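Novice: Letter by letter, the chains look like this.
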Amino acid sequence: MRLHEYRAKEVFAAAGIETPVSKPATDQSAALTVARELGYPVAIKAQVPVGGRGKQGGIKIVATDAELRAAAESIFGMEIGGYQVETVLIEDAVEAAQELYLGVTMDRGEKQPVVMASGSGGVDIETVAQETPEAIGREHVDPAFGLHPYQARNAVYRAGIDRSVAGDVASVLETLYAIWERRDATDAEINPLMVTADGDVIAADAVLNLDDDALFRQPELADFDAERREGTLETRAADAGLEYVRLDGSVGVVGNGAGLVMTTLDLIDHFGGSPANFLDIGGGADADRVAAALDVVFDDPNVSVVLLNIFGGITRGDEVASGINQALEQYETLPDPVVVRLAGTKAEAGRNALTDAVETVETLEGAVKRAVELSQGGAQ
Amino acid sequence: MSILVDADTRVVVQGLTGSQGQFHAEAMLEYGTNVVAGAVPGKGGQTVAGVPVYDRVETAVVETDADASVVFVPPAFAGDALFEALAADLDLVVAITEGVPVQDMARVYRRSQEVDTTLLGPNCPGVISPGAAKLGILPGSVFEPGSVGVVSRSGTLTYQIVENLTSAGLGQSTAVGIGGDPIVGMDFQDALGAFERDPKTEAVVMIGEIGGEDEEAAAAFIEREMDTPVVGFIAGRTAPEGTRMGHAGAIASGSGTGTAQHKIEALEAAGVPVGATPTEVAELVASHSPE
Chain A
1 MRLHEYRAKE VFAAAGIETP VSKPATDQSA ALTVARELGY PVAIKAQVPV GGRGKQGGIK
61 IVATDAELRA AAESIFGMEI GGYQVETVLI EDAVEAAQEL YLGVTMDRGE KQPVVMASGS
121 GGVDIETVAQ ETPEAIGREH VDPAFGLHPY QARNAVYRAG IDRSVAGDVA SVLETLYAIW
181 ERRDATDAEI NPLMVTADGD VIAADAVLNL DDDALFRQPE LADFDAERRE GTLETRAADA
241 GLEYVRLDGS VGVVGNGAGL VMTTLDLIDH FGGSPANFLD IGGGADADRV AAALDVVFDD
301 PNVSVVLLNI FGGITRGDEV ASGINQALEQ YETLPDPVVV RLAGTKAEAG RNALTDAVET
361 VETLEGAVKR AVELSQGGAQ
Chain B
1 MSILVDADTR VVVQGLTGSQ GQFHAEAMLE YGTNVVAGAV PGKGGQTVAG VPVYDRVETA
61 VVETDADASV VFVPPAFAGD ALFEALAADL DLVVAITEGV PVQDMARVYR RSQEVDTTLL
121 GPNCPGVISP GAAKLGILPG SVFEPGSVGV VSRSGTLTYQ IVENLTSAGL GQSTAVGIGG
181 DPIVGMDFQD ALGAFERDPK TEAVVMIGEI GGEDEEAAAA FIEREMDTPV VGFIAGRTAP
241 EGTRMGHAGA IASGSGTGTA QHKIEALEAA GVPVGATPTE VAELVASHSP E
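Line by line, the protein sequences are chains A and B. First residue of the first sequence: 1, per the UniProt record's numbering; consecutive thereafter. First residue of the second sequence: 1, per the UniProt record's numbering; consecutive thereafter.
Please keep in mind that the hints were generated in silico from the structure rather than gathered at the bench. In this text the structure is predicted, and so the values were computed from the model without any measurement. Check the hints yourself; a few may be wrong.
Just so you have them, the derived chain B footprint on chain A, three or more residues with Cβ under 8 angstroms [as the list claims (entries may be wrong)]:
#1 17-26
#2 109-120
#3 136-149
#4 214-223
Sample of chain B residues facing chain A (criterion: CB under 8 angstroms; computed from the structure) [to be verified]:
#5 Tyr109
#6 Glu213
#7 Gly246
Here a beta-carbon is modelled for each residue, glycine too, at the ideal position from N, C-alpha and C.
With the sequences and hints as input, model every part of the structure.
Specialist: Here it is, written out as structure tokens:
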């Protein structure tokens, strides 16, 4: 789960990282009031949970009421990375002598956290990491002990950051790690970290991605999900505890286990069809979760056939079957044909409990072929 | 022979009194696994499925001589349960729980290295040596004893591919689900190394998916260290880049590494044929078999 920049900045500032004076606004007149309060020039920044805002015109520096109105006009309602801008941040425009990058994430390969610093901030840091990996100072952290101050300095010196500010930058990195750890973050980043002509170190942007599985320990942040979009199938699926990604094909897919669902999508493609979605009901799903999954897929207008593929381990075939029946009870005739493949734990009991309204196929590849055929208007 | 577990493995089930714990402990017992104890704080003295329950893992181990643990404890308490298991001098700890916070696992993993205990999972189906023992939630009926080792990041996909192997007459020595989370204990290289050393394993199927670079690292390991033939399968060929597909780890970055294509190329360059479908995986294994 990602926080909006202005929420992340609140967290950073509370931990002692200096941020520019700023305030969010949700319409043009509120933006104007805030800008006058702060005094021009100010930055007006689209609040969306994706990178690359600047390149798409989502960040502008303005010096007058007229400029602010024009910028607000263009930024509110803009679509960036699939998200509509509903909130902007009005922020004191800081003039930077240098722009740096700081980040903390989990290095899966090393199975340890890693902190990173770079003298090239304010740009696409992924490109820097790919093209000049030596420009990024890295230090792995033993999660039992946390980040030692000397390690933060190591990363900063390795990045070649000027000695006059290295100490202050290292201490920001220490605080960033402390936030990452205490907030159960997956990623915490400052890009750019601005160094002013006076040598002040200020976080001009803030990224904080939290571990969804640890939100129970972060109750005060749990409601600030910037990726959430009301009323969408994605949000409905998330509320039902389902992993769901909408795609652009016509075969609706419901399955258990990410690897098996991905394989089902791959096979649909392999046999000439096209998947409408990825939907994983997860491990140990009960009848209600199965019913909710079917509802989400039936409600997608692109779907012309539903393929339900369950290989039970911790998930039980009899529970799945009662979920299917529960979902189907609401319809006189089914919105779309349903092909079911049930295998594994209690699969036989499940198959026996299914109504004739659905078509069952024993093998995975057989079920996928049948669903693809139906999606192409094959014989019912 | 097999890796990790055999008919002598003695198992304590953490979370035995919960509904998942009890259901799967019964399935393990039915399969013939030596489930000798349960450990649930506050439930000591009870008996579930004929198995005595203790308040503490350490007591369970002392009283029953257990050498492995299977953990069915809810995510918020799983980290603590794993630390408790790692303090009890076991050889193997299997974490079935899905949704354990990643930072908890980084600390648990570090501890497992310190006490030299093999940690499997979390978010994994467990391990089975067909005909001898199963620790976890794998549906036993799909598996047959044989000489193919299986290692996988995805539970249900393991069952699928094993079903294809079994119906092609290719039994398994051991099947290991290492789990799909960003941080897991045993990884591909650990399992591949164990299969290489196991005289009973004549071929290995490695089942990977998009995200991370574990498969790429495993490809390098196979080329460097293994004589046993390996066949690969990678899920997520058609997954859009930059989108997270279920498993916390299953996101393909836009940078090229982590994509199915990149993993398949790395494996093929290491001499590992990669099947496009589960059926093809079984055919590739059959073509490697001595018979």
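Novice: Look at each hint and say if it fits the structure.
Specialist: Going through the hints against the structure:
1. With a threshold of 8 angstroms between beta carbons, the proposed coverage of the stretch 17-26 of chain A by chain B is violated, since 0 of its residues qualify and at least three are required.
2. With 4 residues carrying a beta carbon less than 8 angstroms from a beta carbon of chain B, the stretch 109-120 of chain A meets the three-residue requirement, and the given coverage holds.
3. Given as covered by chain B, the stretch 136-149 of chain A passes the check, having 3 residues with a CB less than 8 angstroms from a CB of that chain where 3 are the minimum.
4. Counting residues of the stretch 214-223 of chain A whose beta carbon lies closer than 8 angstroms to any beta carbon of chain B gives 3, which reaches the threshold of three, so the coverage claim holds.
5. For B/Tyr109, the interface hint holds, the least distance from its beta-carbon to any beta-carbon of chain A being 5 angstroms, beneath 8 angstroms.
6. Interface hint at B/Glu213: satisfied, since its Cβ lies 6 angstroms from the closest Cβ of chain A, which is below the 8 angstroms cut-off.
7. Satisfaction of the interface hint for B/Gly246 is found here, the shortest Cβ-Cβ separation to chain A being roughly 3 angstroms, below the 8 angstroms cut-off.
The structure shown violates just one earlier hint, number 1.
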